[in-house]
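Visitor: Each chain, letter by letter, is given below.
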Amino acid sequence: MSNTYIPMNMRVKKVMVEDPDKTLRTFDLSFVREADEKSFTYMPGQFCEFSILGKGESPFGIASSPTEPGFLRFTVNRTGSVTNQIHYLREGDIVGIRGPLGNWYPVEKFKGGNVVVIGGGFAFTTLRSLIVYLLEHRQDYGDLTVIYGVRNPDLFLYKDELAEWRKRDDLSLHLTIDKAVEGWTGMTGFVPTVTKEIAPSTENAWVVVCGPPIMIKFTLPVLTELKFPDARVYTSLERRMKCGIGKCGRCNIGSKYICIDGPVFSMQEIGEIPEMA
Amino acid sequence: MVRLDKDRFGDFIGSLTGDYEVYATVTVDGKSSFREIESADEIDSSCLVTDRTPKEIFFPHSEVLFEFDEDGVREVKRKGKPIAVWGLRGCDVKSLALLDKVFGSARQMPDNEMFQDPYWKEKYDGSLIFSIACNEPRSTCFCNWFGGGPHRKEGSDVFVVDIGDAYLMEPVSEKGRAFVDKMTGTEEASASDKKKAEELASTAKGMMQEAPPLEGLKETLKGVFDDEIWEEMSAKCVNCGACAFVCSTCHCFDVQDEGKGGKGKRIRIWDSCMFPIFTREASGHNPRHLSKDRFRQRVMHKYSYFADNYGEMLCTGCGRCVVACPVGVDIREVIKDVMSYQGKGAR
Chain P
4 MSNTYIPMNM RVKKVMVEDP DKTLRTFDLS FVREADEKSF TYMPGQFCEF
54 SILGKGESPF GIASSPTEPG FLRFTVNRTG SVTNQIHYLR EGDIVGIRGP
104 LGNWYPVEKF KGGNVVVIGG GFAFTTLRSL IVYLLEHRQD YGDLTVIYGV
154 RNPDLFLYKD ELAEWRKRDD LSLHLTIDKA VEGWTGMTGF VPTVTKEIAP
204 STENAWVVVC GPPIMIKFTL PVLTELKFPD ARVYTSLERR MKCGIGKCGR
254 CNIGSKYICI DGPVFSMQEI GEIPEMA
Chain G
494 MVRLDKDRFG DFIGSLTGDY EVYATVTVDG KSSFREIESA DEIDSSCLVT
544 DRTPKEIFFP HSEVLFEFDE DGVREVKRKG KPIAVWGLRG CDVKSLALLD
594 KVFGSARQMP DNEMFQDPYW KEKYDGSLIF SIACNEPRST CFCNWFGGGP
644 HRKEGSDVFV VDIGDAYLME PVSEKGRAFV DKMTGTEEAS ASDKKKAEEL
694 ASTAKGMMQE APPLEGLKET LKGVFDDEIW EEMSAKCVNC GACAFVCSTC
744 HCFDVQDEGK GGKGKRIRIW DSCMFPIFTR EASGHNPRHL SKDRFRQRVM
794 HKYSYFADNY GEMLCTGCGR CVVACPVGVD IREVIKDVMS YQGKGAR
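Protein sequence lines correspond, in order, to chains P and G.
Per the working numbering, residue 4 is the first one in the first sequence, and the count goes up by one each step.
Per the working numbering, residue 494 is the first one in the second sequence, and the count goes up by one each step.
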C-alpha cells in the first residue's frame with residue numbers, strides 16, 4: 004500500500020515577499036514528478052502539509068486555484084520554527100508536500116447564487132483560491148462581492164491581483180484598513196463594521212468568511228443581523244495539527260476533526276459543537 | 494474447544510515462535526508489559542492487566558515514519574514474521590479493535606488509502622490474538638460498564654481459559670479456527686473441563702462490581718460541558734498525562750523530525766491532550782489553556798466524541814488509569830459524578 008506519511012517532492016518555483024516587514028511570503032511550488040501533478044486534484048479551501056525535512060511539517064491552506072494548473076501556491080506567515088525555516092526557502096529548493104487534505108468551500112452548492120466573500124488578514128489565502136475559481140466559472144454564479152480588511156495597506160496579500168480585480172465590473176471589491184493612513188483611498192474600519200455598511204443582500208446568497216478569530220467573532224453577529232441564515236454562512240477553522248489525516252487526535256473541536264471533517268464548516272455545523280458554541 | 498496441558502505449553506510457545514513474532518506478558522523490575530519472547534520461560538502468567546499497555550505492540554511509544562538524506566525519503570519497512578500475542582485480556586482485545594477504527598481507515602472514506610495508517614496495518618492486520626479469560630478480576634476492573642466481561646471472547650482469534658492444569662482453547666475467528674485445527678499436542682476438551690471453565694466464568698463475573706446506569710452518558714456530558722462540575726472534578730489533576738500513557742485506547746501522537754545536516758528521520762511519539770503544548774499554536778494562542786479544559790477534553794473524547802463518530806465509548810474499563818494516577822483521579826468516579834450531577838445545567 005502507499006504510505007500516506009511520505010510527502011511528494013515539489014520545487015520552489017517563485018518566492019514573493021508580500022509585506023515590507025517580510026513576515027508574509029508567498030511560495031509557488033512546481034511538481035517534480037509528472038505523475039504527482041496528474042494525480043493532485045483539489046478544490047478551493049483544501050490544505051496541504053508542507054515539510055522541510057529535518058525541520059518539520061505544518062499545514063497551510065492552498066492559495067492557488069485548481070483552475071491554475073502546474074503549480075501550488077502557499078502564503079506563509081513567519082511565526083514558529085517551521086514557518087521560519089520556510090521563509091529561508093529560495094527558488095529551486097525542494098520541499099515535501101502531502102495533500103490535498105480536508106474538505107472545501109461548497110462551490111457546487113453556490114452555483115446560481117450570489118457569493119459574498121469576507122476576509123481578514125493573512126487568512127485570505129484560500130479565499131483567493133475561491134475567488135479565482137469563481138471568476139474562472141463566472142457564468143455559473145450571480146453577484147460576487149468581496150470584503151477584505153487588514154490593519155494597514157502594506158498587509159494586503161496579492162496586491163497586483165487586487166488591483167486587477169478592482170478593474171473588473173463583474174466583481175465588487177471592498178478593501179478596508181483598520182485606521183486611516185495617508186494616501187489610502189479605500190474604506191476605513193474593521194471588517195464587521197464595513198460589512199454592516201455594505202450590507203450585502205441575503206437574497207439567494209452564500210457567505211464565506213475567513214480571518215482571525217476576533218474578526219470572525221464580531222462578523223458573525225453582523226451576518227445574523229443582516230439575516231443570513233447560519234446554513235448559508237461558511238468558514239474555515241484552524242487548530243494545531245500534525246498528521247492531517249484524522250489519527251493524531253490534535254485538531255479536534257468537539258467530535259469534529261478539522262483535518263478530515265473540515266477545515267470548512269457552515270455556521271450551523273459549528274453551532275452544534277459544544278466547544279464552539 | 495481443545496485442551497492444552499500446561500506441561501506442553503513450552504512446546505506450544507516454541508512452535509508458535511517458529512511462525513510468529515510472539516508477544517506475551519513479561520515482568521521486568523517489577524513492571525509488567527507485553528514483550529517479544531523467545532520461550533515460554535519468560536512469560537509471567539500471574540499478571541492480569543499489565544502495567545504498560547499492550548497497544549505498544551502495534552503502536553509503539555516512538556516509531557519511525559520515514560528516513561531521509563540527500564538522496565530523498567526512504568520508507569522503513571517492517572521485516573520479519575507476523576505478530577502473535579499470547580495472553581491479552583478481553584479489555585485489551587477490545588482496545589485494539591477500537592484503535593483499528595482510528596488507524597485502519599477514516600470513517601468518512603473507509604477505502605481511501607490516504608487515511609490508512611501503514612505502520613498500524615502492517616502489524617495489526619495478519620496478527621494472531623490469543624486472549625485469556627480473567628479468572629480473578631481486579632478491584633479496578635470495570636470492563637462490564639462498556640459491554641465487556643472477564644470471560645469476554647469477542648475480537649480474539651483464540652479464546653483461552655486457564656483451568657489450573659491446562660489451557661482450554663476456543664477458536665473465535667476463522668483465523669483462530671484454522672490455527673487450532675492444525676495444532677498438535679492438544680486433545681478435545683472434556684465435559685468436566687468445560688464445566689470447570691463455566692464455573693470460573695461465573696465466579697469471575699460475580700467478582701465484578703455492578704455497572705452504574707450509563708444510558709445517555711454521551712449526551713449528558715455535552716449537557717454539562719460549560720458547567721462548574723469540571724473545575725471540581727479536575728481540581729486535583731496535575732496534567733501529568735500518566736492516564737493517557739497507560740491507556741490502551743489513547744492514540745494521540747506528536748510528529749517530530751530528528752537529524753542533522755539533511756540526514757535523519759521523522760518519528761511519531763505518544764502524546765497527550767493533558768499537556769498544554771498539545772494544542773498551543775505558534776501564535777501563543779491555546780484553545781485549551783486551562784487544566785480543566787484539557788481534563789474535560791480527555792473525558793469528552795472517550796465518552797462522547799468518539800461515541801458520536803463510532804457508536805462506542807473509547808474506553809474498555811481496563812482500570813490502568815485508575816491505578817496509575819498519582820493524585821487518585823478515578824475515572825469511574827468522574828463518570829458517576831457526571832451521571833448524577835444535578836447542577837445548574839448547561840450555561
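The hints are simulated quantities; they were obtained by calculation from the structure and are not laboratory data.
Any given hint could turn out to be false.
In silico lysine-lysine, DSS-like type, Cα no more than 30 Å apart, as pairs [to be verified]:
1) P/Lys58 / G/Lys570
2) G/Lys614 / P/Lys41
3) P/Lys16 / G/Lys758
4) P/Lys58 / G/Lys758
5) P/Lys16 / G/Lys753
6) P/Lys58 / G/Lys753
7) G/Lys753 / G/Lys711
8) P/Lys58 / G/Lys614
9) G/Lys756 / P/Lys58
10) G/Lys785 / P/Lys220
11) G/Lys687 / P/Lys220
12) G/Lys572 / P/Lys58
13) G/Lys795 / G/Lys698
14) G/Lys646 / G/Lys687
15) P/Lys25 / G/Lys753
16) P/Lys16 / G/Lys616
17) P/Lys58 / G/Lys698
18) G/Lys753 / P/Lys17
19) P/Lys17 / G/Lys687
20) P/Lys230 / G/Lys715
21) P/Lys220 / G/Lys711
22) P/Lys41 / G/Lys570
Stretches of chain P that chain G covers, calculated by requiring three or more beta carbons in the stretch to come under 8 Å of a beta carbon on chain G [unchecked claim]:
23) 8-18
24) 242-255
Yeah, the Cβ is synthetic: ideal placement off N, Cα and C, and Gly gets one too.
Visitor: Next, verify each hint and record whether it holds.
Guide: Going down the list of hints, with the structure as the test:
Simply put, P/Lys58 and G/Lys570 have alpha-carbon atoms about 23 Å apart, close enough for the 30 Å limit, and the pair holds. A C-alpha spacing of about 28 Å is found between G/Lys614 and P/Lys41, which places the hinted pair at or below 30 Å, so the restraint holds. Taking the CA atoms of P/Lys16 and G/Lys758, the gap is near 26 Å; set against the 30 Å cutoff, the hint holds. For the given pair, P/Lys58 sits about 10 Å from G/Lys758 by alpha-carbon distance, which is consistent with the 30 Å threshold.
As the CA atoms of P/Lys16 and G/Lys753 are separated by approximately 26 Å, the hinted pair is consistent with the 30 Å bound. With a CA separation close to 10 Å, the supplied pair P/Lys58 and G/Lys753 stays within the 30 Å bound. Between G/Lys753 and G/Lys711 the alpha-carbon distance is near 47 Å, which puts this suggested pair outside the 30 Å criterion. Under the criterion of a C-alpha separation no larger than 30 Å, the hint pairing P/Lys58 with G/Lys614 is consistent with the structure, at around 27 Å.
For the hint linking G/Lys756 to P/Lys58, the alpha-carbon distance of about 11 Å falls within 30 Å, and the restraint holds. This hinted pair checks out: G/Lys785 and P/Lys220 have alpha carbons roughly 23 Å apart, not beyond 30 Å. As the CA atoms of G/Lys687 and P/Lys220 are separated by approximately 65 Å, the hinted pair breaks the 30 Å bound. Of the supplied pair hints, the one linking G/Lys572 and P/Lys58 holds, its CA atoms being roughly 28 Å apart against a limit of 30 Å.
For a cut-off of 30 Å, the pair hint linking G/Lys795 to G/Lys698 stands: about 25 Å separates their Cα positions. Using a Cα cut-off of 30 Å, the hinted pair G/Lys646 and G/Lys687 holds, with the two alpha carbons roughly 15 Å apart. Distance check on the hinted pair: P/Lys25 and G/Lys753 sit about 27 Å apart at the alpha-carbon level, within 30 Å; holds. As the CA atoms of P/Lys16 and G/Lys616 are separated by approximately 40 Å, the hinted pair breaks the 30 Å bound.
For the suggested pair P/Lys58 and G/Lys698, the alpha carbons sit about 53 Å apart, so the restraint of at most 30 Å is broken. Simply put, G/Lys753 and P/Lys17 have alpha-carbon atoms about 27 Å apart, close enough for the 30 Å limit, and the pair holds. The hinted pair formed by P/Lys17 and G/Lys687 fails the criterion: a straight-line CA distance of about 74 Å is larger than 30 Å. At roughly 28 Å between alpha-carbon atoms, P/Lys230 and G/Lys715 fall within 30 Å of each other, so this suggested pair holds.
Restraint check: the Cα-Cα separation between P/Lys220 and G/Lys711 comes to about 28 Å, which is no more than 30 Å; the hinted pair holds. With a C-alpha separation of about 27 Å, the suggested pair P/Lys41 and G/Lys570 falls inside the 30 Å cut-off, and the hint holds. With 4 residues bearing a CB less than 8 Å from a CB of chain G, the region 8-18 of chain P meets the requirement of three and the coverage assertion stands. A stretch counts as covered by a chain when three or more of its residues have a beta carbon under 8 Å from one of that chain; for the region 242-255 of chain P and chain G the count is 11, and the coverage holds.
Hint compliance for this structure: hints 7, 11, 16, 17 and 19 are broken, all remaining hints hold.
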